[in-house]
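Student: Now for the letters of each chain:
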Amino acid sequence: MTADQVTGDVTARDFDVIVVGAGPAGSAAAIGAARAGARVALLERGPFPGAKNMFGGVVYGRILDTLIPGWYGEMPVQRWITRRATMMLAGDRSFTVDFRAGEWGRAPYNGATVYRADFDAWLAAHATAAGATLVCDTVVTGLITEGSRIVGVHTDRADGDLRAPMIVACDGVNTFLAKQAGIAGDTSPGNYTLGVKETLALGRDVIEARFGVRGTDGVDIEVVGSTGNVPGGGFIYTNRDTVSVGVVLRLPELAEDTQRPEEILAEFKSHEAVATLVEGGEITEYSAHLIPEGGRDAMGALGCDGMLVAGDAAAFCLAAGIWLEGVNFAIGSGAVAGRVAARAARGNTPEVALGEYRAELEANFVLADHTKLRGAPHLILGERMQQRYPQIMCDIAQGMFTVDNPEPKPGLAKIARKALRRHDVRLRDLARDGRDIWRSFG
Amino acid sequence: MSDDAHTDYPPVSFTDRMETVEFRVGERPHIVVDGDQCQGCTTQACVTACPANLFVPRADGGIVFNYEQCFECGTCYMVCNTEGAITWTYPDGGHGVVFRKA
Chain A
1054 MTADQVTGDV TARDFDVIVV GAGPAGSAAA IGAARAGARV ALLERGPFPG AKNMFGGVVY
1114 GRILDTLIPG WYGEMPVQRW ITRRATMMLA GDRSFTVDFR AGEWGRAPYN GATVYRADFD
1174 AWLAAHATAA GATLVCDTVV TGLITEGSRI VGVHTDRADG DLRAPMIVAC DGVNTFLAKQ
1234 AGIAGDTSPG NYTLGVKETL ALGRDVIEAR FGVRGTDGVD IEVVGSTGNV PGGGFIYTNR
1294 DTVSVGVVLR LPELAEDTQR PEEILAEFKS HEAVATLVEG GEITEYSAHL IPEGGRDAMG
1354 ALGCDGMLVA GDAAAFCLAA GIWLEGVNFA IGSGAVAGRV AARAARGNTP EVALGEYRAE
1414 LEANFVLADH TKLRGAPHLI LGERMQQRYP QIMCDIAQGM FTVDNPEPKP GLAKIARKAL
1474 RRHDVRLRDL ARDGRDIWRS FG
Chain B
208 MSDDAHTDYP PVSFTDRMET VEFRVGERPH IVVDGDQCQG CTTQACVTAC PANLFVPRAD
268 GGIVFNYEQC FECGTCYMVC NTEGAITWTY PDGGHGVVFR KA
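Residue numbers (the working numbering), protein chains in the order written: chain A, 1054 to 1495; chain B, 208 to 309.
Because the hints were derived from the structure by calculation, they are not lab data. For glycine and all other residues, C-beta sits at the position ideal for the given N, C-alpha and C. One thing to keep in mind: the hints can contain errors.
Chain B residues, not near chain A, derived (Cβ > 10 Å throughout) [what the hints assert, rightly or not]:
| # | residue |
| --- | --- |
| 1 | Val239 |
| 2 | Gln246 |
| 3 | Glu290 |
Just so you have them, the derived chain B footprint on chain A, three or more residues with Cβ under 8 Å [to be verified]:
| # | segment |
| --- | --- |
| 4 | 1100 to 1106 |
| 5 | 1164 to 1177 |
| 6 | 1190 to 1203 |
| 7 | 1243 to 1250 |
| 8 | 1299 to 1310 |
| 9 | 1331 to 1342 |
Take these sequences, add in the hints, and give me the full structure.
Tutor: Take a look at the structure:
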């Protein structure tokens, strides 16, 4: 396309920044860009922001403190997480570490369960309040390029081409924009999990009695050793009058398994430790979504001349066992991308945006956390963590708490040695995993 | 896994499960499966992995696909090992799955 044709296109001068996708990354990008003075189009393929989105369940809001001061007074929250548990399942046994902090149930809070249809629409409303133009029902079908520079997007609307100096691709885990630009990271199936989830109606009273919380307090339980032959994990979250229960399944093994996703979920729900929490709940919605779990080493270029990539599209997702975070990384990366894109659009310097974007992300939690925890995905989804350590933890707990009179109590060292031997874990393996855990989490 | 004799779940058929989800079905099939390409595929990973159970094996070894109740998750094309068998796009704007409580 020639320069004359570009100038002849009315839409060419309407926007400085086009943000693709009105999820948390996209809305944060639109807020960042609009507040920096850019004219912003925020394109969403669903009928409303959040319609296409599903997640494990917890938003950690600290990143919103600067973006939306006082956010916790207005965010559509289901429950504030005041209890955080990590559970290991082995056979009919379970071993749980359970932490409660009343402080997390008061301002300025820590994490909250939300429904994405509510949360994403709320964040997008802040984008429009900042001046962005939200356009729903619109699929971006491809990028418009001139040489190596990206100069706009094709949409599925009639006369739907839009041009702008900067594009911010927040088009989610399947990111066809990053793929088209040739800057997606390692998109092999091993870097993705499938999450399937049931939202179960249980009623407030039942939830509060079963989960031991009151008022607006809620619970987040992460589970390992709960997904049969497929590496992954389970989760249970309380909403106001429903409970979200689901499993996350690594794609290559799911593809080879004989069990279907909902069957693995049903088996998870049938474990006594889970059933006693969720049984009787009527399914009000079933949902599924992919999760980019490859971590730092699977990430792509984060952008190119004329485009930045944020959120799931950039594989910003911390799936590190005790930490499971995504929405905060989407918001954190999106806000920076929007601000940088606005600056690049104003100065007509799209070529410098990527360097600035990367430098800012490396200086804050978005890339720092992923870099520190780059070994975590391999560790968490590895065979020992998935299959053997839950068994060993349960063996040790059972050995400690079974009273075998008249036999004298065995020592912990003896119980642990026996458990390791029984599950064929050598001290060498344990030491190596311990070292890796310390390097990642220490 | 534990004996689930104690558990008290209302029996939920797959049809009932999928009826909890809103789909604004578009006229254009956004995913197209080339059933002939699937002939001779020994893994048929899509059949097991698709959370919406949209891939049905045919007696002759091919695959029948129904796009209408699709979560648009992307699992099928990710696990498919036959180049070109699955052509995957998003549904047209405003169509497809609409999550409310996810």
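Student: Is the listed coverage of the segment 1100 to 1106 of chain A by chain B valid when you require three or more residues with a beta carbon under 8 Å from a beta carbon of that chain?
Tutor: holds (count 5)
Student: Is the coverage entry for the segment 1164 to 1177 of chain A by chain B consistent with the three-residue Cβ rule at 8 Å?
Tutor: Since three or more residues must qualify, the claim that chain B covers the segment 1164 to 1177 of chain A holds, with 3 doing so at under 8 Å.
Student: May I ask you to check that B/Gln246 keeps its beta-carbon over 10 Å from the closest beta-carbon of chain A?
Tutor: holds, 19 Å
Student: Please count how many residues of the segment 1190 to 1203 of chain A have a CB within 8 Å of a CB from chain B and say whether that reaches 3.
Tutor: n = 4 at 8 Å, threshold three: holds.
Student: Should the label of B/Glu290 as a non-interface residue stand, given a Cβ cut-off of 10 Å to chain A?
Tutor: Fine: 14 Å to the nearest Cβ keeps B/Glu290 off the interface.
Student: Using a Cβ cutoff of 8 Å, are there at least 3 residues of the segment 1299 to 1310 of chain A near chain B, or does the coverage claim fail?
Tutor: holds (count 6)
Student: Counting residues of the segment 1243 to 1250 of chain A with a beta carbon closer than 8 Å to any beta carbon of chain B, are there 3 or more?
Tutor: Holds: 4 residues of the segment 1243 to 1250 of chain A have a Cβ under 8 Å from chain B.
Student: Using a Cβ cutoff of 8 Å, are there at least 3 residues of the segment 1331 to 1342 of chain A near chain B, or does the coverage claim fail?
Tutor: holds (count 10)
Student: Closest CB-CB distance from B/Val239 to chain A, is it above 10 Å?
Tutor: Holds, since 15 Å exceeds 10 Å.
In this structure, none of the earlier numbered hints is contradicted; all agree with it.
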